[in-house]
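**Q** Below are the chains, spelled out letter by letter.
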Amino acid sequence: MRVATTRRTALVFGVGAILVSSMLAGCGKSKSSSDNAADSNAPVTLTVNLFGDFGYKDLYAKYHTEHPNVTVKENVTDYGTHHKNLQAHLLAGSGTADIEAIEIGQIPGFRPQAAKFVDFLKQGVNKDQWVASKWEPATSTDGKALFGVGTDVGGLALCYRADLLKAAGLPTDRDAVSGLFTDWSSYVSVGKQFLAKTPDKKVKWFDAGTNLYNAIVAQENKVAYDEKGNVIVATNPVVKAAWDTTVTGIQAGESAALSAFSPQWTTGFQQGQFATITCPSWMMAYIKDNAPATAGKWDIAKIPGGGGGNWGGSYLTVPTAGKHQKEAIALAKWLTAPDQEKWLFTEKGNFPSDQVLWNEPEVANFTNPFFSNAPAGKIFSESAKNLNPQVLGPHAGDIGNAIGNGLVSIEQGKASPNDAWTKALADVKNLTS
Amino acid sequence: MAVMTKPSVGGVHSAPRAARAARYRLDVKGSPYLYIAPFFIIFGIFGLFPLIYTGWVSITGWRADTPGSESKMVGFQNYVTLWHDPFFWNAVKNTVGIGLISTVPQLFLALGMAHMLNYRLRGRTFFRMGVLLPNVTSVAAVTIIFVQLFGRDYGMVNWLLGLFGVGHTEWQAGTLSSWIAISVIVTWRWTGYNALIYLASMQAIPFELYESAAIDGASRWRQFRTITIPMLRPTILFTVIVSTIGAMQLFGEPLLFNTSQTPTTGGSQHQFQTLALYTYDQFWQKFKYGYGSAISWAMFGIILLFVLVNLVVARRMQGVDAS
Chain A
1 MRVATTRRTA
11 LVFGVGAILV
21 SSMLAGCGKS
31 KSSSDNAADS
41 NAPVTLTVNL
51 FGDFGYKDLY
61 AKYHTEHPNV
71 TVKENVTDYG
81 THHKNLQAHL
91 LAGSGTADIE
101 AIEIGQIPGF
111 RPQAAKFVDF
121 LKQGVNKDQW
131 VASKWEPATS
141 TDGKALFGVG
151 TDVGGLALCY
161 RADLLKAAGL
171 PTDRDAVSGL
181 FTDWSSYVSV
191 GKQFLAKTPD
201 KKVKWFDAGT
211 NLYNAIVAQE
221 NKVAYDEKGN
231 VIVATNPVVK
241 AAWDTTVTGI
251 QAGESAALSA
261 FSPQWTTGFQ
271 QGQFATITCP
281 SWMMAYIKDN
291 APATAGKWDI
301 AKIPGGGGGN
311 WGGSYLTVPT
321 AGKHQKEAIA
331 LAKWLTAPDQ
341 EKWLFTEKGN
351 FPSDQVLWNE
361 PEVANFTNPF
371 FSNAPAGKIF
381 SESAKNLNPQ
391 VLGPHAGDIG
401 NAIGNGLVSI
411 EQGKASPNDA
421 WTKALADVKN
431 LTS
Chain B
434 MAVMTKPSVG
444 GVHSAPRAAR
454 AARYRLDVKG
464 SPYLYIAPFF
474 IIFGIFGLFP
484 LIYTGWVSIT
494 GWRADTPGSE
504 SKMVGFQNYV
514 TLWHDPFFWN
524 AVKNTVGIGL
534 ISTVPQLFLA
544 LGMAHMLNYR
554 LRGRTFFRMG
564 VLLPNVTSVA
574 AVTIIFVQLF
584 GRDYGMVNWL
594 LGLFGVGHTE
604 WQAGTLSSWI
614 AISVIVTWRW
624 TGYNALIYLA
634 SMQAIPFELY
644 ESAAIDGASR
654 WRQFRTITIP
664 MLRPTILFTV
674 IVSTIGAMQL
684 FGEPLLFNTS
694 QTPTTGGSQH
704 QFQTLALYTY
714 DQFWQKFKYG
724 YGSAISWAMF
734 GIILLFVLVN
744 LVVARRMQGV
754 DAS
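Protein sequence lines, in the order shown, are assigned to chains A and B. Under this note's numbering, residues 1 to 433 are what the first sequence spells out, in order. Under this note's numbering, residues 434 to 756 are what the second sequence spells out, in order.
Don't take each hint at face value.
Derived pair list, reagent style BS3-like, types lysine-lysine, alpha-carbon separation capped at 30 Å [claimed, not checked]:
no. : chain 1 : residue 1 : chain 2 : residue 2
1   : A       : K116      : B       : K505
2   : A       : K288      : A       : K201
3   : B       : K526      : A       : K429
4   : A       : K116      : A       : K222
5   : A       : K297      : A       : K201
6   : A       : K144      : B       : K505
7   : A       : K122      : A       : K144
8   : A       : K73       : A       : K127
9   : A       : K378      : A       : K288
10  : B       : K505      : A       : K228
11  : A       : K414      : A       : K202
12  : A       : K429      : B       : K505
13  : A       : K414      : B       : K526
14  : A       : K288      : A       : K57
15  : A       : K240      : A       : K385
16  : A       : K378      : A       : K302
17  : A       : K116      : A       : K127
18  : A       : K342      : A       : K302
Far from chain A by the CB rule (all over 12 Å, computed), these chain B residues [as the list claims (entries may be wrong)]:
no. : residue
19  : G508
20  : L533
21  : W621
22  : L629
23  : L642
24  : W654
25  : L738
Because the hints were derived from the structure by calculation, they are not lab data. From the three backbone atoms N, C-alpha and C, an ideal C-beta is built for every residue, glycine too.
Same shape as in the complex, but just chain A:
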């Protein structure tokens, strides 16, 4: 009996081994047959994973005419999913695209994995084309490798609907509007005036509390982290002050409470549900794409609080797991080269991170017809030059989201400001511990 069972077990294992080895053999075969990317003119399809619209579509076509063997396939997912997938694929060691975008709030979280990306310093990229606050976050923890090339920066301004301001009896001229708000609390109090006088009571002052909060803290040096890498949200007076200002606005009914970047938010642009929105340069592209029918109704004023903030802006990276690294590096460098960056700003609104371009007439003198010919080039290059670098940390983006959810719950009437603050801090703790 005993003998019989062992024999049986052996047999099962034997059969299993045969099956497994045949499966492995199958895998091996398929792998070796597709492994022939040696020829430099062989047709190559590069995959590019982005979050949101980078405005690259026309550039791919242009690149294809210059390099007929290279075809580009772009995949766009939302911000959260994109960065989460990238982390997961890096961990698994496969599944990354040839080029992956990373946003500045997320890039500190990728620094420990810098070795899994191509080092652009070894590919002839000069990091001094960017200001230090742009290239530093994309370096490895030892500072020796640069694993991302900068695309755009998110200098701040305030975009507003001149027609809606006019209806509420407020000035519409961009200098006059800039003069209305010396700081954020005056922005909130002008909002109260607006609400009192606007004839259409469905129109609110701003789109979402989270977007107001983000713009306020973007102007600070230290928000979520101090220089030593400690999370200081709970004790940082700057964070609480930005929170309180935002809450004052929400409680006055100034927020349209449209969950930022959601379909409702997009509809909000088309329906004119809010009169102002805090406006990093890339926001111009969102406004234009989401509500093309509102052309000419928008204008751009200076950001309250004295400017100098940065919100967003991204990097392109080339994971070393990719099969076509050489071609991917060339494309990433080309997409972030001065000519393309200029085109992206004037056509799409993404302000170049390359600091040489900030003084070039094509950029500095650019006026945006969609925004009533507002001097977007002047506004955003000034704001980029005043840029106040912020201390970043691995969870900076997620901490912002946790606080943002607290603000959303106040907008929803789900929680009181005190409860929401306590819960936001609990979420931050859950994130970092």
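With chain A fixed as given, assemble chain B onto it according to the hints.
**A** Frame of chain A, contents of chain B only:
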């Protein structure tokens, strides 16, 4: 399989013959294992191995933001943290709550639907196939449509309710409102599936029972209660268990129901963050691999517990043979 062997003459066993007999024995005794092996191998690779590996990860302090933490053993620390984690218990509450709201009405609806489909109707096959349609559409497509329907400002549900004087509801904001909205999506997808299972089982009930009941003067409703329901009891038990497991693992609907930048938090205050969503949030959003794995195992335990409770309750209710 019948292998013809020549009758041996004189009982003399030659060597090749013995070998053949051994091969024959091997064939008869061994081949069944070969036939079932694919299942066990696939299950081993995609079921058992991840289960055990997750258990292993759950006793480490592995997290993406701490280099070298993957080999740091912390014992049951993750499970202790879990026990004191209000977000975990919130997720348990949400899962059970949504589970009840989505499963109980769903199974009653399915039963009623199956009863109707069991009648002679015109286009019976059309209707029978039709009820399964919501189930074969993808959860993502269904949820995205429902998110539009449940929209705050321009959603159809709010418009309909507005006709009856109900003010606009932000379905994602409230705890109960979000549970109801998600349950509607689940019910939409799974009612037809359960109805078909009930229908198949109803058709196996001998017609004579109804006939004799009718002769005895039993009404349709009486027949349904005293013949159909008791005869369906094993099937009902099956659907209850399967639905319970499904409800415990609810993931896609609450994930996609959240249209914010942080889909895995299940609402601004974790209103509809289910257990599966919380696991995913901790593992794939916060990159706390060790802790996320611990939640997975806790979830496994909770599901086992629920299935056991189901079985015990079912046995108590009139000794059904559950085995």
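**Q** Against each hint, give a clear statement of whether it holds in the structure.
**A** Against the structure, the hints:
1. Taking the CA atoms of K116 of chain A and K505 of chain B, the gap is near 22 Å; set against the 30 Å cutoff, the hint holds.
2. Restraint check: the Cα-Cα separation between K288 of chain A and K201 of chain A comes to about 24 Å, which is no more than 30 Å; the hinted pair holds.
3. Simply put, K526 of chain B and K429 of chain A have alpha-carbon atoms about 21 Å apart, close enough for the 30 Å limit, and the pair holds.
4. Under the criterion of a C-alpha separation no larger than 30 Å, the hint pairing K116 of chain A with K222 of chain A is consistent with the structure, at around 29 Å.
5. Only pairs whose Cα atoms come within 30 Å are accepted, and K297 of chain A paired with K201 of chain A is accepted, the gap being roughly 19 Å.
6. Distance hint between K144 of chain A and K505 of chain B is fulfilled; the C-alpha atoms sit about 28 Å from each other, no more than 30 Å.
7. Taking the CA atoms of K122 of chain A and K144 of chain A, the gap is near 10 Å; set against the 30 Å cutoff, the hint holds.
8. Between K73 of chain A and K127 of chain A the alpha-carbon distance is near 28 Å, which keeps this suggested pair within the 30 Å criterion.
9. A threshold of 30 Å between alpha carbons decides the hint, and for K378 of chain A with K288 of chain A the separation of about 19 Å falls inside it, so the pair holds.
10. The straight-line distance between the Cα atoms of K505 of chain B and K228 of chain A is roughly 24 Å, inside the 30 Å bound, and the hint therefore holds.
11. The hinted pair formed by K414 of chain A and K202 of chain A meets the criterion: a straight-line CA distance of about 21 Å does not exceed 30 Å.
12. Simply put, K429 of chain A and K505 of chain B have alpha-carbon atoms about 21 Å apart, close enough for the 30 Å limit, and the pair holds.
13. In summary, the hint linking K414 of chain A to K526 of chain B is supported, as the alpha carbons are separated by about 18 Å, within the 30 Å threshold.
14. A threshold of 30 Å between alpha carbons decides the hint, and for K288 of chain A with K57 of chain A the separation of about 16 Å falls inside it, so the pair holds.
15. Using a Cα cut-off of 30 Å, the hinted pair K240 of chain A and K385 of chain A holds, with the two alpha carbons roughly 27 Å apart.
16. A hinted pair counts as satisfied when its Cα atoms are at most 30 Å apart, and K378 of chain A with K302 of chain A qualifies at roughly 11 Å.
17. Proposed proximity of K116 of chain A and K127 of chain A is supported: the alpha carbons are some 19 Å apart, at most 30 Å.
18. Pair hint K342 of chain A plus K302 of chain A holds up; C-alpha atoms about 22 Å apart against a cutoff of 30 Å.
19. Annotated as non-interface, G508 of chain B keeps its C-beta farther than 12 Å from every C-beta of chain A; the closest such distance is 17 Å.
20. For L533 of chain B, the condition that its CB be more than 12 Å from all CB atoms of chain A holds, with the nearest at approximately 22 Å.
21. The Cβ of W621 of chain B lies farther than 12 Å from every Cβ of chain A, with a closest approach of about 20 Å, so its non-interface assignment holds.
22. Every CB of chain A lies more than 12 Å from the CB of L629 of chain B, the least distance being 34 Å, so the non-interface label holds.
23. Non-interface status of L642 of chain B relative to chain A is upheld: no Cβ of that chain comes within 12 Å, the nearest being about 47 Å off.
24. Annotated as non-interface, W654 of chain B keeps its C-beta farther than 12 Å from every C-beta of chain A; the closest such distance is 44 Å.
25. A cut-off of 12 Å between C-beta atoms confirms that L738 of chain B is not in contact with chain A; the least separation is 25 Å.
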